[in-house]
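Once you have looked at the hints, place chains X, U and W on chain B.
Chains as they are written, first to last, in my numbering: chain B, 1 to 254; chain X, 1 to 254; chain U, 1 to 254; chain W, 1 to 254.
Source of the hints: derived by calculation from the structure; they are not laboratory data.
From a predicted model like this one, the values you see are computed outputs, not experimental measurements.
Treat the hints loosely; a few may be bogus.
If we take Cβ atoms under 8 Å as the criterion, some of the chain B residues that face chain U in the derived model are [as the list claims (entries may be wrong)]:
#, residue
1, Y14
2, W17
3, L19
4, A23
5, D42
6, L69
7, L70
8, G71
9, F72
10, P207
20 Å max Cα-Cα, derived EDC-like pairs, lysine to aspartate or glutamate [as the list claims (entries may be wrong)]:
#, chain 1, residue 1, chain 2, residue 2
11, X, K100, B, D138
12, W, K100, U, E56
13, B, K100, B, E56
14, U, K100, W, E56
15, B, K100, X, D138
16, U, K100, W, D195
17, X, K100, B, E56
18, W, K100, W, E123
19, B, K100, X, E56
20, X, K100, B, D82
21, U, K100, U, D138
22, B, K100, X, D137
23, W, K100, W, E56
24, W, K100, U, D122
25, U, K100, U, E56
26, B, K100, X, D82
27, W, K100, U, D82
28, X, K100, X, E56
29, X, K100, X, E123
30, U, K100, U, D137
31, U, K100, W, D138
32, B, K100, B, D138
33, U, K100, W, D82
Backbone N, C-alpha and C define an ideal beta-carbon position, used for all residues, glycine too.
Number of protein chains: 4
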Amino acid sequence: VVSIDLNADMGESYGAWRLGDDAELCRVVTSANIACGFHAGDPLTLLTTCRSAVAEGVAIGAQVGYPDLLGFGRRFIDIAPDELTAAVLYQIGALVGMAKSSGGRVRYVKPHGALYNRAAVDEVQARAVVEAVRSFDDSLPIVGLAGSILLREAATAGLRGVPEAFVDRAYHPDGQLVSRRSAGALIADPTEAADRAEQMVLQRTAPATDGSNLMMVAESLCVHGDSPGAVAMAHAVAERLVSRGVTLRAFTES
Amino acid sequence: VVSIDLNADMGESYGAWRLGDDAELCRVVTSANIACGFHAGDPLTLLTTCRSAVAEGVAIGAQVGYPDLLGFGRRFIDIAPDELTAAVLYQIGALVGMAKSSGGRVRYVKPHGALYNRAAVDEVQARAVVEAVRSFDDSLPIVGLAGSILLREAATAGLRGVPEAFVDRAYHPDGQLVSRRSAGALIADPTEAADRAEQMVLQRTAPATDGSNLMMVAESLCVHGDSPGAVAMAHAVAERLVSRGVTLRAFTES
Amino acid sequence: VVSIDLNADMGESYGAWRLGDDAELCRVVTSANIACGFHAGDPLTLLTTCRSAVAEGVAIGAQVGYPDLLGFGRRFIDIAPDELTAAVLYQIGALVGMAKSSGGRVRYVKPHGALYNRAAVDEVQARAVVEAVRSFDDSLPIVGLAGSILLREAATAGLRGVPEAFVDRAYHPDGQLVSRRSAGALIADPTEAADRAEQMVLQRTAPATDGSNLMMVAESLCVHGDSPGAVAMAHAVAERLVSRGVTLRAFTES
Amino acid sequence: VVSIDLNADMGESYGAWRLGDDAELCRVVTSANIACGFHAGDPLTLLTTCRSAVAEGVAIGAQVGYPDLLGFGRRFIDIAPDELTAAVLYQIGALVGMAKSSGGRVRYVKPHGALYNRAAVDEVQARAVVEAVRSFDDSLPIVGLAGSILLREAATAGLRGVPEAFVDRAYHPDGQLVSRRSAGALIADPTEAADRAEQMVLQRTAPATDGSNLMMVAESLCVHGDSPGAVAMAHAVAERLVSRGVTLRAFTES
Numbered sequence: 001v002v003s004i005d006l007n008a009d010m011g012e013s014y015g016a017w018r019l020g021d022d023a024e025l026c027r028v029v030t031s032a033n034i035a036c037g038f039h040a041g042d043p044l045t046l047l048t049t050c051r052s053a054v055a056e057g058v059a060i061g062a063q064v065g066y067p068d069l070l071g072f073g074r075r076f077i078d079i080a081p082d083e084l085t086a087a088v089l090y091q092i093g094a095l096v097g098m099a100k101s102s103g104g105r106v107r108y109v110k111p112h113g114a115l116y117n118r119a120a121v122d123e124v125q126a127r128a129v130v131e132a133v134r135s136f137d138d139s140l141p142i143v144g145l146a147g148s149i150l151l152r153e154a155a156t157a158g159l160r161g162v163p164e165a166f167v168d169r170a171y172h173p174d175g176q177l178v179s180r181r182s183a184g185a186l187i188a189d190p191t192e193a194a195d196r197a198e199q200m201v202l203q204r205t206a207p208a209t210d211g212s213n214l215m216m217v218a219e220s221l222c223v224h225g226d227s228p229g230a231v232a233m234a235h236a237v238a239e240r241l242v243s244r245g246v247t248l249r250a251f252t253e254s
Numbered sequence: 001v002v003s004i005d006l007n008a009d010m011g012e013s014y015g016a017w018r019l020g021d022d023a024e025l026c027r028v029v030t031s032a033n034i035a036c037g038f039h040a041g042d043p044l045t046l047l048t049t050c051r052s053a054v055a056e057g058v059a060i061g062a063q064v065g066y067p068d069l070l071g072f073g074r075r076f077i078d079i080a081p082d083e084l085t086a087a088v089l090y091q092i093g094a095l096v097g098m099a100k101s102s103g104g105r106v107r108y109v110k111p112h113g114a115l116y117n118r119a120a121v122d123e124v125q126a127r128a129v130v131e132a133v134r135s136f137d138d139s140l141p142i143v144g145l146a147g148s149i150l151l152r153e154a155a156t157a158g159l160r161g162v163p164e165a166f167v168d169r170a171y172h173p174d175g176q177l178v179s180r181r182s183a184g185a186l187i188a189d190p191t192e193a194a195d196r197a198e199q200m201v202l203q204r205t206a207p208a209t210d211g212s213n214l215m216m217v218a219e220s221l222c223v224h225g226d227s228p229g230a231v232a233m234a235h236a237v238a239e240r241l242v243s244r245g246v247t248l249r250a251f252t253e254s
Numbered sequence: 001v002v003s004i005d006l007n008a009d010m011g012e013s014y015g016a017w018r019l020g021d022d023a024e025l026c027r028v029v030t031s032a033n034i035a036c037g038f039h040a041g042d043p044l045t046l047l048t049t050c051r052s053a054v055a056e057g058v059a060i061g062a063q064v065g066y067p068d069l070l071g072f073g074r075r076f077i078d079i080a081p082d083e084l085t086a087a088v089l090y091q092i093g094a095l096v097g098m099a100k101s102s103g104g105r106v107r108y109v110k111p112h113g114a115l116y117n118r119a120a121v122d123e124v125q126a127r128a129v130v131e132a133v134r135s136f137d138d139s140l141p142i143v144g145l146a147g148s149i150l151l152r153e154a155a156t157a158g159l160r161g162v163p164e165a166f167v168d169r170a171y172h173p174d175g176q177l178v179s180r181r182s183a184g185a186l187i188a189d190p191t192e193a194a195d196r197a198e199q200m201v202l203q204r205t206a207p208a209t210d211g212s213n214l215m216m217v218a219e220s221l222c223v224h225g226d227s228p229g230a231v232a233m234a235h236a237v238a239e240r241l242v243s244r245g246v247t248l249r250a251f252t253e254s
Numbered sequence: 001v002v003s004i005d006l007n008a009d010m011g012e013s014y015g016a017w018r019l020g021d022d023a024e025l026c027r028v029v030t031s032a033n034i035a036c037g038f039h040a041g042d043p044l045t046l047l048t049t050c051r052s053a054v055a056e057g058v059a060i061g062a063q064v065g066y067p068d069l070l071g072f073g074r075r076f077i078d079i080a081p082d083e084l085t086a087a088v089l090y091q092i093g094a095l096v097g098m099a100k101s102s103g104g105r106v107r108y109v110k111p112h113g114a115l116y117n118r119a120a121v122d123e124v125q126a127r128a129v130v131e132a133v134r135s136f137d138d139s140l141p142i143v144g145l146a147g148s149i150l151l152r153e154a155a156t157a158g159l160r161g162v163p164e165a166f167v168d169r170a171y172h173p174d175g176q177l178v179s180r181r182s183a184g185a186l187i188a189d190p191t192e193a194a195d196r197a198e199q200m201v202l203q204r205t206a207p208a209t210d211g212s213n214l215m216m217v218a219e220s221l222c223v224h225g226d227s228p229g230a231v232a233m234a235h236a237v238a239e240r241l242v243s244r245g246v247t248l249r250a251f252t253e254s
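The following block holds chain B by itself, in its conformation from the complex (with noise of 0.2 Å):
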């Protein structure tokens, strides 16, 4: 039997501002990435979505990211390795306050935004994420990029790397996301999603700009949840994979 992860982020309001509808979004996806406060997620969207995706028995991650709640942590900060460290610790930390008071616990580590690209090709700030997570506990799993330097670096320091790919982003043919600020970044089809999800876990592999197939072996896939149709895509994305005969499961119980 097949079965694959599929996980979204989480707990990116703040104060006042709503975004995404995180109650919704736990019904369909096995796995949240629940921001930390850096570049979402004030204090009691924390604890809400916490309790949220223990009621409905779905793994917490930590998304960590940037301090910088004006960007979304979606500017890349120069940050030194040491600061970097320490960032992603009181992030993971924050989360587990939430989740051990909402009856749970912090699965894995998820990179957000301009962190997850950078630590996907820059060793040094892969390493100072690596570093935070193996400190606070070394069993858990580090999500990234299929084909990163942080899921090498995470192997290298002993801790377990969990390949994703991205059903609504598009991929050059090195395997590299597209930047969200070119045109045509971004797949807003649900049909066009769940079509690719079908091809990555079936065929492991994964359309890229060029026409080519890229080879794509990933044991989680991502589906936003910050744009207005996020819920409709994950739903169809999942409802597709069930009806391929795919199993919908945490990649933590694998």
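What follows is chains X, U and W alone, placed relative to chain B:
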């Protein structure tokens, strides 16, 4: 044998701004109230301070505050109870991350500044703080003003409340602290502080502003760490107490 | 000919978080209370909103608030008067930069949220706000609750105070607003808001929670911009008033 | 008669955290680069520093930076050009409010820290800064590194660019500053700083790390204000220059 705990605020630097001498204070006190990033303390400062505390065998406490770097947590904020509970949980967790990574653990919680003062007299905010601690780990003690509502609410919830006294702050006859905004609120002379500490521990009283002596049953004495003479004062207090046969020991060891 | 000003809050988005439809609101109202970055509003949002206001001929006001993005400026903060004066000055200046760059200028100042409510009843905070405006430009009017301490203090300092009424908020019989935390505080029905607006302008009264009518002498009517139906409500109010022969005109033109 | 401007960074305290001695520095320098709240400087600090500058007849400049209190503006942030323009405008305006309230006005703009370094070499960020100044007031000069892209872009936009040299920073042979993270980047000895200042003004050269002398045509000399010996160094530089017959005068007077 009489023993007492000496606690001091630490981890209150922020980025380029330095405050206090944590490494030096860790050599004198038995408990470190480490800021958690809301009123002071950047992640790297917290991590470094946790490491110092672990190295010196000092008990680590989470000093939780209002989200107010600009006001150093010394301004009352009318925050709703569920948001306050979440904010306290977030801070406790963040410091747990730092402590765990440093080979230690968070042993108690102490509110800071305006939250400390408010939770001493306001049942709603006191309960919100207690609820955060209880839902995270009901074996964690809460340090508060001797005779405060906070300690009463901690007891009601089945938590250990630890009453403390301030060697460097003036007291009203009713046991409330004189506001920092008032003249005479702060005691700067190390000898006077040592005198007060000796009276507090050996006679279990404290001098009030009207010349009377308050009953003062404290399990911990607080010396502040953010003034230029903080380290000298802490040394003076410690030496005096030891010279009178008092053992300095973290209250978490009692 | 009877004329009245319609004002609405704008510029309240922050980074990735969108709130309100400033471009659309600018087509209806005559005065724009633009956030200044302390309770809401990132710099690019403020600049874009200033440009919309200039393009539509809407008067720009600086909506100054407490430094509290997380609480959207709706939580009282016990800030010292000299710090409050400086905080208000900072915000006015910041918006002056945006307005000037957009070819417009700041025409008035209006406190937001908890600062608005506090300055309506607290002489110390009211004076701190007035002092900021006076020391910056004593020809700038201050908009406040009709009958408030803020308007009295503005007059005492020789500034123009502009009383306003809220078409979508319930009033106590003494003229204070019903707290947002209470049921029935907010009026969401456009027709009811239009009824109230008509009564306020033509009869110079407003209905109170006990069924009585308050005297309500207002130079401006506020319609909020941060609810889903805000634009529809503003249109309903504007159309009703125009249909009754009322001219909509910025109070700064009077 | 040879004259030169001496500028120093000021207004860099934040809440309870004190940095630099603005009142004392204002007695030595002729231009004050006052922080604007993004990398440092709370509103009351800015207001107080503006008042000191006005009282001492020192020219006020807006020292604009990245939005990064934690990093003190010393970390590059990959901010989009329109957001950077808005951020610079916001900061200029905020300081204009403080200066006007103090009876002075903002006379120039100088980027801080990582923005200073980036705008010296990056055309996109340089243009974004220049566009903010130009759209606000095209008579405001911009201070930058001698020979930098920033000054070239200022000239292209029709603005006055003011080249400056650092008396307390080491230079590479190509005129770039040695990074603060490198050994030998900072000059702490007042006599050495005075020697360098004298050479810069009278010979119009500066010593480079390879022993050569760079051509260095500067209209202003920068002495930093955030180190313990800053005031002593500023005095040493000022006294040396005066003793050599150089007049200290704000470049805005030239």
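Going through the hints against the structure:
no., hint, verdict
1, Y14, "holds, 6 Å"
2, W17, "holds, 3 Å"
3, L19, "holds, 6 Å"
4, A23, "violated, 19 Å"
5, D42, "holds, 6 Å"
6, L69, "holds, 6 Å"
7, L70, "holds, 5 Å"
8, G71, "holds, 6 Å"
9, F72, "holds, 4 Å"
10, P207, "violated, 28 Å"
11, X/K100 x B/D138, "holds, 12 Å"
12, W/K100 x U/E56, "violated, 29 Å"
13, B/K100 x B/E56, "holds, 16 Å"
14, U/K100 x W/E56, "violated, 29 Å"
15, B/K100 x X/D138, "holds, 12 Å"
16, U/K100 x W/D195, "violated, 44 Å"
17, X/K100 x B/E56, "violated, 29 Å"
18, W/K100 x W/E123, "violated, 32 Å"
19, B/K100 x X/E56, "violated, 29 Å"
20, X/K100 x B/D82, "holds, 16 Å"
21, U/K100 x U/D138, "holds, 18 Å"
22, B/K100 x X/D137, "holds, 9 Å"
23, W/K100 x W/E56, "holds, 16 Å"
24, W/K100 x U/D122, "violated, 27 Å"
25, U/K100 x U/E56, "holds, 16 Å"
26, B/K100 x X/D82, "holds, 16 Å"
27, W/K100 x U/D82, "holds, 16 Å"
28, X/K100 x X/E56, "holds, 16 Å"
29, X/K100 x X/E123, "violated, 32 Å"
30, U/K100 x U/D137, "holds, 15 Å"
31, U/K100 x W/D138, "holds, 12 Å"
32, B/K100 x B/D138, "holds, 18 Å"
33, U/K100 x W/D82, "holds, 16 Å"
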